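Undergrad: Sequence:
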Amino acid sequence: MQDRPTAVELIEAVRDFLAGEVAPALADRSLRYRMRIALHVLGIVAREVPDEETRLRAEREALLTLLDLPRPAPPCDPRLLRAWVLEANRALCERIREGAADAGAWRERVLAHLQQVVDEKLQGSNPDFN
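Sequence positions in the sequence shown follow my numbering and run 2 to 131.
These are calculated hints, taken from the structure and not from any lab test. Accuracy of the hints is not assured; some may be wrong.
Stated by the list, open to error - Pairs of lysine to any residue, SDA-like flavour, derived with a Cα cap of 20 Å:
| no. | residue 1 | residue 2 |
| --- | --- | --- |
| 1 | 122 | 87 |
| 2 | 122 | 47 |
| 3 | 122 | 45 |
| 4 | 122 | 58 |
| 5 | 122 | 90 |
| 6 | 122 | 6 |
| 7 | 122 | 94 |
| 8 | 122 | 112 |
| 9 | 122 | 39 |
| 10 | 122 | 38 |
| 11 | 122 | 63 |
| 12 | 122 | 110 |
| 13 | 122 | 62 |
| 14 | 122 | 84 |
| 15 | 122 | 82 |
| 16 | 122 | 86 |
| 17 | 122 | 40 |
| 18 | 122 | 53 |
| 19 | 122 | 51 |
| 20 | 122 | 54 |
| 21 | 122 | 111 |
| 22 | 122 | 43 |
| 23 | 122 | 44 |
| 24 | 122 | 59 |
| 25 | 122 | 93 |
To be verified - Across the chosen pairs, the derived CB separations fall in these ranges:
| no. | residue 1 | residue 2 | range |
| --- | --- | --- | --- |
| 26 | 27 | 50 | 23 to 33 Å |
| 27 | 9 | 105 | 39 to 49 Å |
| 28 | 25 | 101 | 29 to 39 Å |
| 29 | 74 | 101 | 26 to 36 Å |
| 30 | 120 | 26 | 29 to 39 Å |
| 31 | 101 | 54 | 43 to 53 Å |
| 32 | 110 | 25 | 44 to 54 Å |
| 33 | 6 | 106 | 19 to 29 Å |
| 34 | 8 | 97 | 27 to 37 Å |
| 35 | 125 | 88 | 13 to 23 Å |
| 36 | 88 | 25 | 39 to 49 Å |
On a predicted model such as this, the values are computed, not experimentally measured, just so you know. All residues carry an ideal CB built from backbone N, CA and C; glycine is no exception.
Turn these sequences into a full structure, and let the hints steer you where they fit.
TA: Okay, structure coming up:
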């Protein structure tokens, strides 16, 4: 059974309320600026929520390949999947800190992976990013 409103619909309703009624009433420039940031963040969240599991599964696959890890079945629980991806990213960071990506073929693989991750983050932050 699908409940309504969805999480995205709730986020968009709050965003619309803040943008349409609260933001125009703010006289303080600093508050208006922070409101624009908050509205931008709500937009990012609304774009990321619907396909988070798909993105996490894709990132998991990329990290399994990059880190040369065995391929067990992915967790069914999205929270466990998110935790696994976070831990794998920590392992990647540790290898980079240890110098494993300073030279060689693995460096090129790491750079390609990081370029892909950054491009995806920029696309989520700014849908007009090319």
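Undergrad: With reference to the structure, classify each hint as holding or not holding.
TA: A quick look at each hint next to the structure:
For the suggested pair residue 122 and residue 87, the alpha carbons sit about 15 Å apart, so the restraint of at most 20 Å is met. For the hint pairing residue 122 with residue 47, the CA-to-CA distance comes to about 14 Å; that is within 20 Å, so the pair holds. Among the hinted pairs, residue 122 with residue 45 is consistent with the structure: their alpha-carbon atoms are about 10 Å apart, no more than 20 Å. Of the supplied pair hints, the one linking residue 122 and residue 58 holds, its CA atoms being roughly 15 Å apart against a limit of 20 Å.
Distance check on the hinted pair: residue 122 and residue 90 sit about 15 Å apart at the alpha-carbon level, within 20 Å; holds. At most 20 Å may separate the alpha-carbon atoms for a hinted pair to count; residue 122 and residue 6 exceed this at roughly 27 Å. This hinted pair checks out: residue 122 and residue 94 have alpha carbons roughly 17 Å apart, not beyond 20 Å. About 15 Å separates the Cα atoms of residue 122 and residue 112, which keeps this hinted pair within 20 Å; it holds.
Between the alpha carbons of residue 122 and residue 39 the distance comes to roughly 17 Å, so the proposed pair stays at or under 20 Å and holds. Between residue 122 and residue 38 the alpha-carbon distance is near 17 Å, which keeps this suggested pair within the 20 Å criterion. At roughly 15 Å between alpha-carbon atoms, residue 122 and residue 63 fall within 20 Å of each other, so this suggested pair holds. With a CA separation close to 18 Å, the supplied pair residue 122 and residue 110 stays within the 20 Å bound.
Taking the CA atoms of residue 122 and residue 62, the gap is about 17 Å. The hint holds against a cut of 20 Å. Of the pairs offered as hints, the one joining residue 122 and residue 84 holds, with about 18 Å between alpha carbons and a cut-off of 20 Å not exceeded. Restraint check for residue 122 and residue 82: satisfied, since their Cα atoms lie roughly 18 Å apart, inside the 20 Å limit. Of the pairs offered as hints, the one joining residue 122 and residue 86 holds, with about 15 Å between alpha carbons and a cut-off of 20 Å not exceeded.
Proximity of residue 122 to residue 40 is assessed by CA-CA distance (about 17 Å); at most 20 Å being required, the pair is judged to hold. Among the hinted pairs, residue 122 with residue 53 is consistent with the structure: their alpha-carbon atoms are about 12 Å apart, no more than 20 Å. As the CA atoms of residue 122 and residue 51 are separated by approximately 15 Å, the hinted pair is consistent with the 20 Å bound. In summary, the hint linking residue 122 to residue 54 is supported, as the alpha carbons are separated by about 15 Å, within the 20 Å threshold.
For the proposed pair residue 122 and residue 111, the alpha carbon gap of about 16 Å is at most 20 Å, so the pair holds. Between residue 122 and residue 43, the direct Cα distance comes to roughly 15 Å. Compliance with the 20 Å bound is thereby established for this hinted pair. Between residue 122 and residue 44, the direct Cα distance comes to roughly 13 Å. Compliance with the 20 Å bound is thereby established for this hinted pair. The straight-line distance between the Cα atoms of residue 122 and residue 59 is roughly 14 Å, inside the 20 Å bound, and the hint therefore holds.
With a CA separation close to 18 Å, the supplied pair residue 122 and residue 93 stays within the 20 Å bound. Checked against the given bound of 23 to 33 Å, the beta carbons of residue 27 and residue 50, roughly 27 Å apart, stay inside it. At roughly 43 Å, the beta carbons of residue 9 and residue 105 sit within the given window of 39 to 49 Å. A hinted range of 29 to 39 Å is violated for the C-beta pair residue 25 and residue 101, which are about 52 Å apart.
At about 27 Å, the beta-carbon gap between residue 74 and residue 101 stays in the expected band of 26 to 36 Å. For the hinted restraint 29 to 39 Å between residue 120 and residue 26, the CB-CB distance of approximately 37 Å keeps it satisfied. Between residue 101 and residue 54, the C-beta spacing of about 29 Å breaks the proposed range 43 to 53 Å. For residue 110 and residue 25, the hinted distance range of 44 to 54 Å is satisfied, since their beta carbons lie about 49 Å from each other.
Between residue 6 and residue 106 the beta carbons are some 49 Å apart, a value that contradicts the proposed interval 19 to 29 Å. For the hinted restraint 27 to 37 Å between residue 8 and residue 97, the CB-CB distance of approximately 34 Å keeps it satisfied. For residue 125 and residue 88, the hinted distance range of 13 to 23 Å is satisfied, since their beta carbons lie about 21 Å from each other. A hinted range of 39 to 49 Å for the beta carbons of residue 88 and residue 25 is consistent with their spacing of about 44 Å.
Consistency note: the structure conflicts with the earlier hints numbered 6, 28, 31, 33.
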